[in-house]
Structures are given as C-alpha cells and as structure tokens.
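Undergrad: Sequence:
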Amino acid sequence: RRVRGGFWMDADEFKKRGYELIDYIAKFLEQDNTTFKVRPRISHPGDVIKELPKNAPLEPEDWSTIMEDVKNLIAPNLVNWQSPNFFAYFPSNNSYPSILGELLSAGFGVQGMLWYTSPACTELETVVLDWLARLIKLPKHFLSDSTGGGVIQGSASEAVVISLIVARERLVSTHISEDVSIVTSKLVVYTSDQAHSSIKKGCNITGVLFKNIRELTTNEEGELTPEIFLAQVEEDKKNGLYPCIVILTIGTTGIGAIDHVEGIGKIAKENNICLLYTSDAADEEDSG
3 RRVRGGFWMD ADEFKKRGYE LIDYIAKFLE QDNTTFKVRP RISHPGDVIK
53 ELPKNAPLEP EDWSTIMEDV KNLIAPNLVN WQSPNFFAYF PSNNSYPSIL
103 GELLSAGFGV QGMLWYTSPA CTELETVVLD WLARLIKLPK HFLSDSTGGG
153 VIQGSASEAV VISLIVARER LVSTHISEDV SIVTSKLVVY TSDQAHSSIK
203 KGCNITGVLF KNIRELTTNE EGELTPEIFL AQVEEDKKNG LYPCIVILTI
253 GTTGIGAIDH VEGIGKIAKE NNICLLYTSD AADEEDSG
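Going by the numbering used here, the sequence shown wraps up at 290, each residue one higher than the last.
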C-alpha cells in the first residue's frame, strides 16, 4: 500500500515478498555448475556505481523494482562464493539453516549486549560458546561456570583487536607503580613474518608502537620456532621492554604453515606472556 506517496510494507506484503525471496535464494543457490559463474559479469571497478543513482531516493520504491535491480545488476556482478567452482580464500560460510537463522535473528531484532537487554539471547550465546569450548577441549577455566566464558565476534580481526586490548591491560595491571603511558610504550607484540595483516593493524589500533611489533623470521617451512621466539624475548627483556603477547598462526595465509604452538606456548607461560592463535589458511579461517 502507498503511504505519503511511497510504498509501505505491511505484514501481508512482507509474507508475500518473503516467500518470493526464499524461492529466489533457493533457485540462486541450486544453479548447476555451468550457469553458476564464479566471476562477475563486469570487469572494471565502478561499473556498478554507474548504474546506481547518485543520491538516495526521496520516496520508497516498490519491492518488485528493487528485486529487478538485484536480479539484473547486483546478482550478476557478484563473486559467487557459494558456487561449487569457487576455490579461493576459504570455504563459504553459508547453508540453508544459517540463512533461516539470520532471518529469525533479523525478525527478533534484539540487542544482546547485556543480560538485561535480552536474557535469552545472551544466555544462548553463553551456552553455545561453552559447547564450542568443550568440543575443542579447552581447559575448564575457559567455560562460563568458571573464570571464562566468551562472546561471538564479528570477525577474526575483531578478535585480534580485543585480545591485544586484554593483553595490554593485563600487562599494565602488573606494573601499577609505573605510569600507564610508559608501560604501553614498552610493551612488545610478537608474531611471525607470515602472519595475517590484521595483527599489525590491530597493533596500530590498540596503541602498540610500530617499533615494538616483532615480525619474527620463520624457518624454511614458514613456521615460527621456539628458538627464534625465545631469543627475541630475552633480547627485549635485556633492553628494558615488556613482552606482552605472542600471536601464532595455525595455517598461514600464503602456504598454510603452522607455528610451533606447544614449544612457544611453554616459553610464553614461563615468561608470563599472553598467547593467541589465529588460523588464516585458504582452507580455513578461525581465531581462538
């Protein structure tokens, strides 16, 4: 129906368009290999921009008009991560249950930032992350009924930033007699020269001095070894710096190399250094 010269979607219209959209998505995902092209139709940046209005519409458009743009302009010019012929980066994170889950989440439209803002949302998140912790056999202190418990981040990059903040504040709390700015200027972050770019960006966001980011040299297999890590830690301590966190990679982006987690983890524990691992290989992406 039209309201104030525009289109307003009521419940009946929502149900009608929703059924149509589910049908469209299912047909889109069920294309055969010959029609489900990976590469977009366009070949130059800006080609889609040219076809879109420069300014936002003053009045809402009918949903049918919007869907015509989706079918004729947007869908043909996507890189189709869901195609069975797509082998770049990492596996697509899509399935029919996940699509329905996103629809349900959007329908509820709640904010789970605090228990009071939506109890069921926050408690469900807590339980599911406990499930994950048990599945990957994390120690009990990672569980919500102990000293742990987690929250879902939007990306591995966000998880890196949060981990850096936690490590920084942990270090500051152990040097309470010193000025905070002095402590943060001395903290050191360790990773390998094969690590994902999000680590250096995270350091910049969290105030780690560029000169205190250690991108350590890896061996012939692209792995960071305990010997290289320990030598750098000892040198930094000798120079009055504060080793803060080491970020390892289980499956580097370039070649899928795996840093020596056990040996480096032991050194980190002995020197009271936080440990974070990331996985950035083309066959998987995760952060823990």
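Keep in mind that a hint or two might mislead.
Said to hold, decoys possible - Distance condition first, Cα-Cα at most 27 Å in a straight line; then the derived DSSO-like pairs of lysine-lysine:
| # | residue 1 | residue 2 |
| --- | --- | --- |
| 1 | 142 | 271 |
| 2 | 239 | 139 |
| 3 | 17 | 29 |
For the record, the hints were derived by calculation from the structure and aren't laboratory data.
Quick caveat: nothing in here was measured; it's all calculated off a predicted structure.
Undergrad: It remains to establish, for every hint, whether it holds in the given structure.
TA: Against the structure, the hints come out as follows:
The suggested pairing of residue 142 with residue 271 holds, with an alpha-carbon distance near 17 Å, which does not exceed 27 Å. At roughly 33 Å between alpha-carbon atoms, residue 239 and residue 139 are farther apart than 27 Å, so this suggested pair is violated. A threshold of 27 Å between alpha carbons decides the hint, and for residue 17 with residue 29 the separation of about 18 Å falls inside it, so the pair holds.
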